[in-house]
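**Student:** Here is what each chain is made of, one letter per residue.
Protein chains: 2
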Amino acid sequence: MTNKINITLSTTRKEKPNPSSLEFGRVFTDHMFVMDYSETKGWYDPRIVPYEPISLYPSTMVFHYGQTVFEGLKAYRTKEDKIFLFRPDKNFQRLNLSNDRLCIPHIDEEFAAEALKQLISIEKDWIPSAPGTSLYIRPFIIPTEYYLGVAPSKYYRFMIILSPVGSYYKEGIKPVKIYVEDNYVRAVKGGTGTAKTGANYAASLKAQENAEKNGYSQVLWLDGLEKKYIEEVGSMNIFFKINGEVVTPALNGSILEGVTRNSIIHLLKHWDIPVSEKRISMEEVYQAYKDGFLEEAFGTGTAAVISPIGEFFYNDEKMVLNNGETGELSKKLYDTLTGIQTGKHEDLFNWIVEVN
Amino acid sequence: MTNKINITLSTTRKEKPNPSSLEFGRVFTDHMFVMDYSETKGWYDPRIVPYEPISLYPSTMVFHYGQTVFEGLKAYRTKEDKIFLFRPDKNFQRLNLSNDRLCIPHIDEEFAAEALKQLISIEKDWIPSAPGTSLYIRPFIIPTEYYLGVAPSKYYRFMIILSPVGSYYKEGIKPVKIYVEDNYVRAVKGGTGTAKTGANYAASLKAQENAEKNGYSQVLWLDGLEKKYIEEVGSMNIFFKINGEVVTPALNGSILEGVTRNSIIHLLKHWDIPVSEKRISMEEVYQAYKDGFLEEAFGTGTAAVISPIGEFFYNDEKMVLNNGETGELSKKLYDTLTGIQTGKHEDLFNWIVEVN
Ligand SMILES: Cc1ncc(COP(=O)(O)O)c(C=O)c1O
Ligand SMILES: Cc1ncc(COP(=O)(O)O)c(C=O)c1O
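Heads up: the protein sequence lines correspond to chains U and B, in order.
Those letters in the first sequence? Residues 1 to 356, by full-length UniProt numbering.
Those letters in the second sequence? Residues 1 to 356, by full-length UniProt numbering.
FYI, nobody ran anything at the bench for these hints, they're computed from the structure.
Take these hints with a grain of salt, some might be off.
Chain copies aren't distinguished; within one or between two, either way the pair holds.
Below are the SDA-like pairs computed for lysine to any residue, each with C-alpha atoms no more than 25 Å apart in a straight line [said to hold, decoys possible]:
(1) LYS90 with THR342
(2) LYS154 with ASN210
(3) LYS174 with THR338
(4) LYS154 with TYR216
(5) LYS90 with ARG47
(6) LYS124 with THR342
(7) LYS227 with VAL34
(8) LYS124 with GLY25
Turn these sequences into a full structure, and let the hints guide you.
**Tutor:** Rendered as structure tokens:
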């Protein structure tokens, strides 16, 4: 592969959306990064081109067998007008882990990070500056062979698209209500749960719909074998603070390892707050709740960074935490992590990559 | 929805492929059926149009979250030049079951069958007549909303595309070698295994690749919980003949119910051959093999109809069945079912739908 990225700028520019009415994932910037793969050429023709539709025959594999992977990260504008990426290397590393599981050829992680930086620097005017806003980055790979056989595709397209997004919390950080799912299963060991692939999200829609009907915003997944052990929430990992100690489910072969999860563990250790990754059952959490030891619970993910949990619905019972309010640790983690991401807090662990 | 199908014929016609060199799923006919869905209009604008690429923004949900469903069936040309479909109602019924699981709105099954008949009658010259050849039919639904949120799409496209396919068995029906998979998992109860959705096939690629590396053509999936009980093979259901009795795994919430499986059970009952659907472990099958009671094993599916199994690789051991040759019952089922499909055998159960 040649490392030279061909750039074709758009002859028109779209109007930037009003920063106060930004929705998640609906508006896209003027350009995107694209490269293609074939068995003979490897990844080839890396290019930045105008954001526009792609044209595919109805027999293209992506429409049939779900062999897709994706990532999600953000670019932030600091008060000093610097552009920061948060641990982008982790996302491209995870993309390759997903590729392994889905039989998709590896990308060159460093080159992808470089391509992202070039794209961001062309689109930097799209990065909003209001508190809580950012530019959501979606790298993804689709199979592009025209073939109906069940087999790994021989051709792929890698793309990065960008979408300015609003603050996750319109009125300040606010706890969510979570439905503990004991019927549907998201993933099981030996399946695709550790990969960021469409399959896991398709499998989750039905339970999500059910949770929302019952007034809950997201689903807490239990393990697929015994439906006892806690896995993760919708598109977040989960942490509990029980009697002064923080616990999160250990990586067990069916949980996605979040970049935020990893960062939170680093921060907690840095602060000398006891944190452990282990197998933890919903029954244990319930018992801690009954005994008055369940101090906080929160989800972690790129979208909301920290999502304090105000209520679980479990076994036909409502478990209300902290009077439904944001816990102290959740708030401190949120402030610190968003502070690092936006340059307000010292970059303790060298997580920030600046785009020039 | 208006039931009137708008027809736009192609101004050109592609050359038909040589019937002796037909591959599966590579060549498509001149036209396709398309209809769209929106929440306000329901399914609308049903149309038969030239087979051509579709144009979608990179943010289209199908590229990200795997919310897809599909079907597979065939049209056959009889010696008298009649065009037969085999139980198409079953496929559209199953498509709606898949839709339920994936939060996709139902299609009108009768209308879809009618649309298929109109499409086939326009494309009838594409149906090959050589023994074993047919026209493969691929109905499928993709989410078409431009949105990166994890939620059911608000817009969909339903399409039917057609591909002339060669004989599955170039040199007569021939047994396959099957690798019993005890590491990767295809599906688990509460997951998407009973639906025909991309996710299940994406999840299967890695194990399939591994089987092929070891010289086996397909994977036998065990249950995702204990990895003990038999589920199905690649894209086929599975049957065993043990000491005069036929058994197939019962539908357990993670197996896809094949139309061929259902038809085989009907035929066996009609012939007064004992057949049962029950939970069956690989260990039981192995024991029957050791005791000399495992008489035959075969896969069933639209592609090959009956695929006799000549060898299993299980627990580091090769289990060779029937000297690797096609069993008597497998052969009889194959001849009868393909006979019904191509008008050579009486249509015992009213399975055939003729296209005029
Ligand atoms: C299933 C799932 N789990 C966890 C996460 C959290 O990962 P990260 O912190 O990298 O955003 C995400 C979101 O990306 C996810 O989709
Ligand atoms: C996973 C799976 N199981 C079983 C089958 C067999 O189903 P049918 O007999 O309807 O073709 C198929 C193929 O369609 C399949 O994809």
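**Student:** If a hint holds in the structure, say so; if it doesn't, say that too.
**Tutor:** Hints versus structure:
1. LYS90 with THR342: within (18 Å within a copy, 56 Å between copies)
2. LYS154 with ASN210: Intra 38 Å, inter 17 Å, cutoff 25 Å: inter-copy only.
3. LYS174 with THR338: within (15 Å within a copy, 62 Å between copies)
4. LYS154 with TYR216: For LYS154 and TYR216, the Cα distance is within 25 Å only across copies (21 Å; inside one copy 42 Å).
5. LYS90 with ARG47: within (23 Å within a copy, 46 Å between copies)
6. LYS124 with THR342: within (15 Å within a copy, 63 Å between copies)
7. LYS227 with VAL34: Neither, since 41 Å and 41 Å both go past 25 Å.
8. LYS124 with GLY25: within (17 Å within a copy, 44 Å between copies)
The structure does not agree with numbered hint 7 stated previously, though it agrees with all others.
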